[in-house]
Every structure is written in C-alpha cells, then in structure tokens.
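Student: Residue numbers (this note's numbering): 28 to 106.
Hints may contain errors.
Stated by the list, open to error - Below, computed lysine to aspartate or glutamate pairings styled on EDC-like, alpha-carbon distance capped at 20 Å:
#1 Lys96 / Asp41
#2 Lys85 / Asp41
#3 Lys85 / Asp75
What the hints assert, rightly or not - Okay, the calculated beta carbon distance ranges per label pair:
#4 Ile39 / Leu77: 18 to 26 Å
#5 Pro95 / Thr30: 27 to 35 Å
#6 Lys101 / Asp41: 17 to 25 Å
#7 Ala71 / Ile39: 26 to 34 Å
None of these hints come from the bench; they were simulated from the model. In this text, a Cβ means the ideal position worked out from N, Cα and C, and glycines have one as well.
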Amino acid sequence: MTTTTVDHTVSIYDRIGGFDTVDRLVETFYRNMDELPEARGIRAVHADDLGPTRAILKVYLAEWLGGPKDYSAKKGHPR
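When you get a sec, could you build the whole thing from the sequences and use the hints?
Tutor: Here's what the structure looks like:
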C-alpha cells in the first residue's frame, strides 16, 4: 500500500496549479452555465455580460484557496 504525504505548508492554490487552474475552473463553470439546459434558470438571473462576474470570482477563489490577496485588496474581506 502506498502512503501519500501532503505538504500543508503549500497552499491548495499552489497545489492545484495556481491562477491558471482557477481561471480554467471559472471559465468552465460559466461555459456550462451558458450551455446546460438545467442551468437556464440560474443563468437567467445573471447579467448578459458575465465578464466582470468571472473576473471577481477568479480573484475571490484564488484568495480563498490560499493564493494572492487580490480580492481583499479590491473588495474587502471575503465573507
């Protein structure tokens, strides 16, 4: 049996690949929201232009995962 050791001094943000991974995650999420029929209801409550929403979610998730504190610098503490 193999034992896996996780270095907890390295943030989840860094372990998953940093901002590139967060970017892909958010882009996939919003693409699915646009394409999946079961997401029509939630998509309808969002603005037509999701650019600003995507950008904010990316910096929020990056910070939440242990990355740069860019969200807090712009928007205050994420609650």
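Student: Please write out, lowest number first, the hints stated earlier that are contradicted by the structure.
Tutor: Result: no hint breaks.
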